[in-house]
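**Student:** Sequence:
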Amino acid sequence: MCGTGIGISIAANRHPNIRAAACTTEEGARLSRSHNDANVLCLGRRISTLEESFRLIDIWLATPFSEGERHKRRIAKMG
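Per the working numbering, the sequence shown starts with residue 70, numbered consecutively.
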């Protein structure tokens with residue numbers, strides 16, 4: 070967590086096998102997991118209230134990777 074979630078996502082994504090996503094909406098949290106298999110959730114404390122952040126965390130943790138072929142190919146391209 071940082072001010073916007075963007076800075077920490079950039080820092081986290083510098084490391085191998087990290088797929089960090091800065092999420093500000095419920096849909097973004099779902100899609101980051103189901104389409105991109107994100108394994109790090111980055112949140113912005115200046116952007117979201119604590120309650121909103123907890124909601125995004127719950128959604129993110131409850132959403133599985135879709136295992137879709139196009140999503141697997143995308144992840145493979147990320148290295």
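It cannot be assumed that every hint is accurate.
Label pairs and their calculated CB-CB ranges [claimed, not checked]:
| no. | residue 1 | residue 2 | range |
| --- | --- | --- | --- |
| 1 | T118 | N82 | 34 to 42 Å |
| 2 | P85 | H140 | 13 to 21 Å |
| 3 | G72 | K146 | 17 to 25 Å |
| 4 | R114 | R142 | 28 to 36 Å |
| 5 | E121 | A145 | 16 to 24 Å |
| 6 | H140 | I79 | 17 to 25 Å |
| 7 | G76 | T118 | 17 to 25 Å |
| 8 | P85 | F134 | 32 to 40 Å |
| 9 | N82 | R114 | 29 to 37 Å |
These aren't lab readings, by the way, just hints derived from the structure by calculation. Where is the CB? At the ideal position from N, CA and C, for every residue including glycine.
**Student:** Now tell me if each hint is right for this structure.
**Tutor:** Now for the hints, and whether the structure bears them out:
Between T118 and N82 the CB atoms are about 25 Å apart, so this pair departs from the stated range of 34 to 42 Å. Under the hint 13 to 21 Å, the C-beta atoms of P85 and H140, about 20 Å apart, fit the expected range. For the pair G72 and K146, the beta carbons lie near 30 Å from each other, so the given range of 17 to 25 Å is not met. Distance hint check for R114 and R142: the Cβ-Cβ separation is about 34 Å, which falls inside the suggested range of 28 to 36 Å.
For the pair E121 and A145, the beta carbons lie near 33 Å from each other, so the given range of 16 to 24 Å is not met. Roughly 22 Å separates the CB atoms of H140 and I79, a value that falls within the hinted 17 to 25 Å. For G76 and T118, the hinted distance range of 17 to 25 Å is satisfied, since their beta carbons lie about 19 Å from each other. At about 19 Å, the CB distance of P85 to F134 disagrees with the hint of 32 to 40 Å.
Against the hinted window of 29 to 37 Å, the Cβ-Cβ separation of N82 and R114 comes to about 19 Å, which falls outside the hint.
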